[in-house]
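As you go down the protein sequences, you meet chains V and W in turn.
According to my numbering, the first sequence holds residues 3 to 304 in order.
According to my numbering, the second sequence holds residues 20 to 320 in order.
Each hint should be verified, as a subset may be incorrect.
Stated by the list, open to error - Beyond 10 Å from chain W on every Cβ pair, some chain V residues (computed): (1) Arg-40; (2) Ile-126; (3) Arg-175; (4) Pro-215; (5) Ile-224.
Claimed, not checked - DSS-like, lysine-lysine: derived pairs with alpha carbons at most 25 Å apart: (6) Lys-189/W / Lys-152/V; (7) Lys-189/W / Lys-173/V; (8) Lys-60/V / Lys-102/V.
Note that these hints are calculated values from the structure, not bench results.
Where a beta carbon is used, it is the ideal one built from N, C-alpha and C, also for glycine.
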Amino acid sequence: MNLLGRGALAPAVPVFRVFGAMNARAPSASLAPDVASRTALAVHNIEVVYDHVVLVLKGVSLEVPEGSIVTLLGANGAGKTTTLKAISNLLHAERGEVTKGSITFYGEEVHRLSPNELVRRGCIQVMEGRRCFAHLTVEENLLTGAFTRKDGRAAIQADLEMVYSYFPRLKERRRSLAGYTSGGEQQMCAIGRALMARPRLVLLDEPSMGLAPQLVEEIFEIVDQLNRNEKVTFLVAEQNTNVALRYARYGYILENGRVVLDGPAEALRDNEDVKEFYLGLSATGRKSFRDIKSYKRRKRWL
Amino acid sequence: MAELGPVLEVFLGGLMSGVLYALVALGFVLIFKASGVFNFAQGAMVLFAALSLVRLSEWLPFGVAVLLTIAIMIALAWAVERLVLRPLVGQHGLILFMATIGVTFFLDGFGQTIWGSNVYQLDLGIPASPWFLFENLFPGGILVSPIDVFAAVIAGTLVVALSIFFHSTKIGRALRAVADDHQAAQSVGIPLNQIWLIVWSTAGIVALVAGMAWGTKLGVQFSLSLIALKALPVLILGGLTSIPGAIIGGLIIGAGEKLAEFYIGPLIGGGIEYWFAYVLALAVLLVRPQGLFGEKIIERV
Ligand SMILES: Nc1ncnc2c1ncn2[C@@H]1O[C@H](COP(=O)(O)OP(=O)(O)OP(=O)(O)O)[C@@H](O)[C@H]1O
Ligand SMILES: [Mg+2]
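With the rest of the complex left out, here is chain W:
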């Protein structure tokens, strides 16, 4: 049983990093669900939010900086709705996707221009030294990072809140209606512009949370923008339209890649972590195109 300790440690560590992937994937799901747009800029939004927060908190109290960053993300949502989505309404999904790629490059560049491009430390006041759990069960205990635990708790809260929002409020119902059929939603008097503003703002706030978690872990820097690529397999696995799917997809991928590295890595010289998620996603795509939890594609009309 001496083996179990390290395995469990790897597994837990994987789950925790999975939560971080899930936080990014969540932003994608929100926007895709409500506007049918695959928002490639979600990663850039994570970076932008984190940069804004870390630089603002240099000369403002942290709480104020958070509020101000939320305001900035809402303003960004407003600008995207006005300048990108509204003129392109009715266009093909691919065109909207291309537009979000444009937004990505703009945000990456603009963010670094106004906030700087160094690596910034984000300190949330969470103890950096790891916790050791179950020391009486396993020799040396299981190492867990408090930051990861913090991120997991935040992600869990966020998911519960969003589920309630989507399923039990009038706005949430309208969001789901818009997700199903824009034009029909418009025809019953649901204002698309407001809905998009709400959704992009929510996604912006989710990006901020993801940015805080990732930024604390890795430092706030350009590579945060690239974690969007890590969210792609999570989306394929969990389904583009499912909030719980994003979380569970994240957990599976996080734990899966760490375990694969632990077990198979030594046999082939390591490096599995970097491509495992994509292979897993590909396999899922072949078997279940809508993802494990994606909405069933209802064919009848």
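Only chain V is shown next, with the shape it has when bound in the complex:
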């Protein structure tokens, strides 16, 4: 019960950005120097309602600078998937709706666009649970990712080779039905499929789900390379806080449909509360951020 002690600790943590501040630039000097100044994605204070009644997101704001890897952390049911689907406009099929707030992709309001229009503009989601087309071969799966492209066969073929160069295992299995490949291969296939759309921003939902630690590492390593070499920006929703914070530059922590904490990845990694609640480094059991005064105060600013 040392709530006071915790509360006193929190301000010692490096600059967490305040939402709604006009200053949209990433504020911290600890961000990698190569981060471009343009904002790829800006989500401002969105609310999402399912089935006309269930309020799931209660004012989420976040920002993804071009060229960065940003992670969205949180426990089961926190609203990570809902946030990503709100961005990619896949909520409609689940009877969900963005009822408030705005979402801009490279400065343009996108929340009325169809998912395919958004893909055409360069924002694509890799859904939770991989969702490969089971009765299509791995290569056919990859090619479906190029559906919106109009730049011709040669360009698509070249990108196919690019994907195979990052995921050599997919090349070996190109002729097998995706439904019969392993979980790791399916995750690679799902990421590869998204890359075939030539995206600028990939929304990656829980790539670690159900995979062995070694494979999780491998996948994140490839995400990192894609980010560096192909200049793809990533917004990664994860429960695996540990891995996600090692690869991301910036993180947001979502609880109960609200962002309760955000900051540069290394700052979050060093944060005592994150250590305790999400990295499992503390002796005491898991608690919620809600129990802590300083974060309660933050919430009212949102």
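Got chain V; can you put chain W with the ligands on it based on the hints?
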């Protein structure tokens, strides 16, 4: 060997009517494959297409009437997509199925209201008198109906064309992707609305072909709508997701029921034709729920 002639005749006749069942089943398969919807209205679409064609051809050249009917079927597909599928997206499959039952009754009623409800003769200019084949082999030869042969050729062409379409084109690949996982397909930028429009239009055209074949045989009348019920066992046998399955299922059922009637019918006083298909389908269902050619149900995720 005097027996072989009639048996062969029965068998061939069965195969031919099987093709006609298959033409109807094909429409079901197309829509089910691409949208996971079991479209009960396929039979009504057959009737509607045939009625439109036969009435339009009364005052238009036949070719123009065919084109106009195709346009009508595409417009119908558009309306179904807009008014039924789109509002119901994300709902349970059973709800969509119920919606297609609604479409069935609407089409049956609406079609007869605007086109009339008499029995109309459809004349495709195919000779009505049967051909006699192999007259030198069998006494009297084997009787084959030219209409059946025509239907078989059309069905064969249709199947080949559709297979090529599904497996070698970008749209076809997208259709199969949608069939596997709507949401994932949507997430990679495949527009569901367009895909559904394409599929329902294709199914509408297939319904027109089936309607032409059946209408020529039986006259265009309300009972065409009921041949959908004959397509059900074909679907169970061939699998809901397989185009070749629909054809082969149709052939097996067509030939099977005629042969059963020929051999077993006299022993029990006939009438086997009417229920044989359903019993066969039931037997298949028990042994192989996905049908003979249906896609394997891949369980692992
Ligand atoms: N289609 C839906 N209809 C109603 N409620 C939903 C729907 N989808 C999600 N929810 C609810 O919204 C909340 C957030 O769900 P969401 O899937 O976004 O969480 P998540 O952070 O992605 O969790 P996980 O880590 O388990 O994937 C949950 O309480 C969930 O029950
Ligand atoms: Mg989730």
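Here's how the hints hold up against the structure:
Separation of Arg-40/V from chain W is adequate, the least Cβ-Cβ distance of about 23 Å exceeding the 10 Å criterion. Its closest Cβ contact with chain W, about 7 Å, brings Ile-126/V to no more than 10 Å, contrary to its assignment away from the interface. Residue placement check: Arg-175/V keeps its beta carbon more than 10 Å from all beta carbons of chain W (closest about 15 Å). With a minimum CB-CB distance of about 20 Å to chain W, Pro-215/V clears the 10 Å threshold, and the non-interface call stands.
Every CB of chain W lies more than 10 Å from the CB of Ile-224/V, the least distance being 19 Å, so the non-interface label holds. Restraint check for Lys-189/W and Lys-152/V: satisfied, since their Cα atoms lie roughly 12 Å apart, inside the 25 Å limit. Restraint check for Lys-189/W and Lys-173/V: satisfied, since their Cα atoms lie roughly 20 Å apart, inside the 25 Å limit. Straight-line distance between C-alpha atoms of Lys-60/V and Lys-102/V comes to about 9 Å, which keeps the hinted pair within the 25 Å bound.
The structure does not agree with numbered hint 2 stated previously, though it agrees with all others.
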